[in-house]
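Protein chains: 2
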Amino acid sequence: MANNKVKNEAITSRDVDFAKWYTDVCRKAELMDYSSVKGFIIYRPYGYALWEMIQAYMDRRFKETGHENVYMPMLIPESLLKKEADHVEGFAPECAVVTRGGLDQLEENLLIRPTSETLFCEHYAKIINSYRDLPKLYNQWCSVVRWEKTTRPFLRGAEFLWQEGHTIHATEQEAREETQRMLGIYEETARELLAIPMLTGKKTEKEKFAGAEETYTIEALMHDGKALQSGTSHYFGDGFAKAFDMKFLDKDNQLKYVYQTSWGASTRLLGAIIMVHGDDNGLVLPPRVAPTQVMIIPIQQQKEGVLDKAYEIQEQLTKSGLRVKVDVSDKSPGWKFAEAEMRGIPLRIEIGPRDLQNQQCMIAKRVNGEKLTATLDEQLSSVIHQLLDDIHEEMYQKALAFKNEHTTDATTLEELQTILDTKGGYIKMPWCGDEACEVAIKDKTAATSRCIDTHIKATGVCPVCGKEAKHIVYFARAY
Amino acid sequence: MANNKVKNEAITSRDVDFAKWYTDVCRKAELMDYSSVKGFIIYRPYGYALWEMIQAYMDRRFKETGHENVYMPMLIPESLLKKEADHVEGFAPECAVVTRGGLDQLEENLLIRPTSETLFCEHYAKIINSYRDLPKLYNQWCSVVRWEKTTRPFLRGAEFLWQEGHTIHATEQEAREETQRMLGIYEETARELLAIPMLTGKKTEKEKFAGAEETYTIEALMHDGKALQSGTSHYFGDGFAKAFDMKFLDKDNQLKYVYQTSWGASTRLLGAIIMVHGDDNGLVLPPRVAPTQVMIIPIQQQKEGVLDKAYEIQEQLTKSGLRVKVDVSDKSPGWKFAEAEMRGIPLRIEIGPRDLQNQQCMIAKRVNGEKLTATLDEQLSSVIHQLLDDIHEEMYQKALAFKNEHTTDATTLEELQTILDTKGGYIKMPWCGDEACEVAIKDKTAATSRCIDTHIKATGVCPVCGKEAKHIVYFARAY
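Residue numbers (my numbering), protein chains in the order written: chain A, 2 to 480; chain B, 2 to 480.
Hints may be right or wrong, so weigh each one.
Note: identical chains are not told apart, hence a pair may lie in one copy or across any two.
[To be verified] Simulated pairs of lysine-lysine, BS3-like, Cα-Cα distance not exceeding 25 Å:
no.	residue 1	residue 2
1	Lys29	Lys64
2	Lys326	Lys257
3	Lys468	Lys257
4	Lys83	Lys248
5	Lys310	Lys366
6	Lys304	Lys326
7	Lys39	Lys443
8	Lys332	Lys127
9	Lys84	Lys458
10	Lys458	Lys471
11	Lys332	Lys248
12	Lys445	Lys39
The set of hints was computed from the structure by calculation and includes no laboratory data.
Please read these numbers as outputs of a predicted model, since none were measured by experiment.
Let the hints inform the model, and build the full structure from the sequences given.
Take a look at the structure:
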């Protein structure tokens with residue numbers, strides 16, 4: 002009873018108001034809090050721990066593929082941002098501007114980095130001379146600032162945490178391979194760590210990154226049928242190289258421009274976890290990314306032996322590599338259950354005096370509420386490991402089924418509109434390749450092109466102009 | 002020959018120009034580079050890897066002692082910084098000021114954090130209600146900006162990387178214990194990871210942190226006899242608590258103010274490593290913090306079996322937990338030796354055709370140039386582990402002996418001046434406790450009070466005013 006009481010009071014139902022449900026989960030699961038500056042959020046310990054789990058996985062993958070971490074300055078001179086025309090057009094309007102340093106007015110305004118291409122380019126131009134210096138495979142973990150009018154926790158913030166990789170290569174082919182390699186690592190991170198199946202593909206000219214030749218994306222589908230761009234990988238060709246004079250002496254003794262990539266993923270991934278897996282009781286965390294995988298809740302903890310046993314189980318499981326906590330607070334068990342649920346902890350173990358007698362414990366699965374009994378013996382940790390692996394697979398398959406059910410073919414704008422009005426999700430349509438038609442679709446339906454399917458050949462005609470289709474594109478309403 | 006040639010060309014000798022030697026090492030060891038904004042440096046892969054090693058060690062120690070990581074906004078409203086009078090007086094003059102966001106002038110100026118006490122206080126005031134919510138033990142890893150006029154890589158920058166811990170407690174005693182605990186962790190980090198013996202003590206009123214009741218410090222002694230403040234731990238009492246209304250309902254049902262601490266250590270620690278251990282051939286890294294502990298350099302690498310054996314040794318050592326690289330570039334061995342030396346890699350293994358025949362390799366110790374021969378068998382990794390442990394101890398003892406030799410008692414200003422003019426280092430003097438006398442010493446000798454020795458009772462008289470001494474203070478010229 003206590004349990005239900007807490008649940009019902011705590012958060013809005015997803016189907017009543019999805020946006021409110023989302024912010025309720027963000028705050029009640031203590032992932033974040035607002036600061037007094039609009040759009041700048043506080044990453045509370047639980048939210049930051051989630052980000053640390055993602056960082057640890059991605060950082061390992063980056064290093065395994067030869068990347069090195071660096072740290073570039075937070076501030077960019079205005080003149081430096083202006084060196085690449087498309088880039089400055091895209092970013093200048095949303096920069097925070099430093100005009101004073103200490104007590105002095107600055108001679109040149111400095112911009113808080115909205116992204117760091119220009120800084121990497123300037124540095125690379127200085128340090129590369131020969132083909133021997135290539136490739137350079139750098140990454141940095143930092144926060145960036147973009148002055149957004151409408152902000153939402155993790156999804157769109159004036160400041161957000163991310164990683165940005167910036168690489169330069171001797172050949173176009175190497176740079177193109179790098180772009181795909183990092184897209185692949187993003188997709189695997191989503192699948193293997195977050196249990197999220199991603200739609201991957203290429204952005205249209207209109208939607209690509211400011212200054213890139215090509216942008217590839219991973220897109221996740223939220224419970225409300227809207228898409229969330231969750232990571233992008235860009236191929237720059239030699240555009241920035243020419244603007245920043247990044248040249249090297251090749252083996253054939255010729256001076257050549259480098260080929261370049263950049264790729265980024267951010268705390269938006271936290272938003273994806275919340276909106277793909279969460280339910281009306283709160284967060285539901287995929288086991289591999291959960292900061293706490295098992296919460297042990299003692300029942301009648303004042304009774305002899307209960308707490309000792311709880312700690313003993315914690316030690317056993319921790320030794321086997323699991324992340325385990327015991328809730329020894331003076332709250333009621335029902336309250337503790339609800340809190341563990343709100344925080345999306347994959348497994349809850351209940352242990353009370355009767356369990357001690359029977360040498361067993363109760364295990365509850367967050368994902369579906371299933372309960373099972375397990376024997377307290379040396380097998381317990383392998384039972385838990387297996388359960389967590391199964392839960393990961395279960396969550397991934399559930400999300401995949403949802404994505405498949407919400408991917409629909411359409412050939413006309415009427416069909417598109419009907420699908421958007423009913424189930425939402427991705428609408429797969431032929432498109433002529435003209436930006437005017439892409440804009441017309443957006444204006445009429447509020448659906449944007451998420452990506453071009455690069456694996457299939459286009460058939461049919463553009464639903465707007467009737468011309469022959471050049472691409473098959475996924476449209477969706479998006480965050 | 003190649004070896005010596007590279008060395009001599011590469012860097013200034015320490016005894017010729019210590020300041021130039023320092024920046025030479027920073028750049029030639031590729032720890033950092035300058036950006037186009039004064040005081041904002043680029044942490045290159047090798048420098049950042051060093052910082053990551055320090056982060057990993059300290060983060061583990063913080064978490065073991067119950068601390069949680071969070072992330073606070075980068076920007077602070079001007080009005081928020083002003084809430085604590087001493088604090089704003091100390092920091093406002095050196096803040097970078099954001100006056101424009103996107104295309105709009107801001108209604109209130111925002112300051113890039115020079116430190117985040119005010120943000121933590123504002124958040125804590127919102128989230129704590131009861132003694133059950135205490136203590137809160139938060140830490141964050143981030144960069145901060147302080148508009149310094151004179152900057153030097155790692156030592157004093159307009160932007161630097163650091164961690165800042167901010168904790169609140171129900172009682173004064175708990176907060177005081179926390180202040181000492183974190184000072185202890187800093188001291189241990191220096192000793193166990195960096196092989197640096199620290200002088201620890203309490204700052205005078207004049208030198209303490211803006212807003213603190215007490216500041217404790219770890220001070221390292223550089224090769225040139227100057228001190229480097231390397232980490233500080235502050236006890237705030239309830240000063241910020243009153244300014245920010247951080248109250249909680251205690252067990253006795255009374256509303257009380259919390260007691261607070263903060264503590265920070267930064268990339269200055271890289272400066273300490275360089276200036277304590279470095280020599281005329283470049284960096285000398287303590288083994289536990291070295292990103293690469295062993296560099297294997299193949300001799301006549303084109304000869305059959307040489308590279309295979311080099312990779313085999315790498316695999317064997319890596320499996321035993323060591324950080325090992327093979328230099329397979331097309332440079333000459335002499336050049337590779339000099340590079341490994343410049344980068345301070347603790348051990349170099351040379352392996353050539355003759356070594357293959359004899360089933361052995363040559364090992365060179367960076368710290369003193371000693372060479373020894375080791376047999377290529379399953380014992381090799383334990384030989385290397387033992388060597389690295391010995392090197393750590395050797396480096397620590399050498400630095401400790403230097404510190405002891407450069408700690409001198411003085412009772413008059415003339416003695417102080419003589420010591421400063423000859424060997425430098427710490428000068429231990431009685432002091433009356435008056436700021437006027439402390440300032441007089443600084444004005445006359447350019448030596449500042451580094452810290453008060455809290456372990457000994459003062460005897461003697463103040464060398465300036467002749468009054469009875471209240472404290473024994475360590476004076477030194479400092480960075």
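Cα distance capped at 25 Å. Does Lys332 pair with Lys248 within a copy, between copies, both, or neither? So Lys332 and Lys248 pass the 25 Å test across copies only (22 Å; inside, 65 Å).
Is it within a copy, between copies, both, or neither that the alpha carbon of Lys29 lies no farther than 25 Å from that of Lys64? This pair counts as between: shortest inter-copy Cα distance 24 Å, intra-copy 35 Å.
Have a look at Lys326 and Lys257 and pick one of within, between, both or neither, based on CA distance no larger than 25 Å. Neither. Shortest intra-copy (57 Å) and inter-copy (30 Å) distances fail the 25 Å Cα cut-off.
Can you give me the call for Lys39 and Lys443, within, between, both or neither, at a CA distance of at most 25 Å? For Lys39 and Lys443, the Cα distance exceeds 25 Å both inside one copy (28 Å) and across copies (45 Å).
Is the C-alpha distance from Lys332 to Lys127 at most 25 Å within one copy, between copies, in both cases, or in neither? Only across copies: Lys332 and Lys127 sit 21 Å apart there, 60 Å inside one copy, limit 25 Å.
With identical chains, the pair Lys468 and Lys257 could be close in the same copy or across copies; at 25 Å between alpha carbons, which is it: within, between, both, or neither? Neither, since 41 Å and 74 Å both go past 25 Å.
Homo-oligomer pair classification [Lys458, Lys84; C-alpha up to 25 Å]: neither (37 Å within a copy, 63 Å between copies)
Is it within, between, both, or neither for Lys445 and Lys39, if the alpha carbons may be no more than 25 Å apart? neither (31 Å within a copy, 50 Å between copies)
Given identical chains, is Lys458 near Lys471, meaning Cα to Cα at most 25 Å, within a copy, between copies, both, or neither? within (8 Å within a copy, 86 Å between copies)
Indicate which option fits the pair Lys83, Lys248 if close means a Cα-Cα distance not exceeding 25 Å: within, between, both or neither. The answer is within: 20 Å in one copy meets 25 Å, while 49 Å across copies does not.
Within, between, both or neither: how does the pair Lys310, Lys366 come out at a Cα-Cα threshold of 25 Å? For Lys310 and Lys366, the Cα distance is within 25 Å only inside one copy (21 Å; across copies 51 Å).
What label fits Lys304 with Lys326 when the C-alpha limit is 25 Å: within, between, both, or neither? Within one copy, since 19 Å is at most 25 Å while 56 Å is not.
Violated hints for the displayed structure, listed by number in ascending order: 2, 3, 7, 9 and 12.
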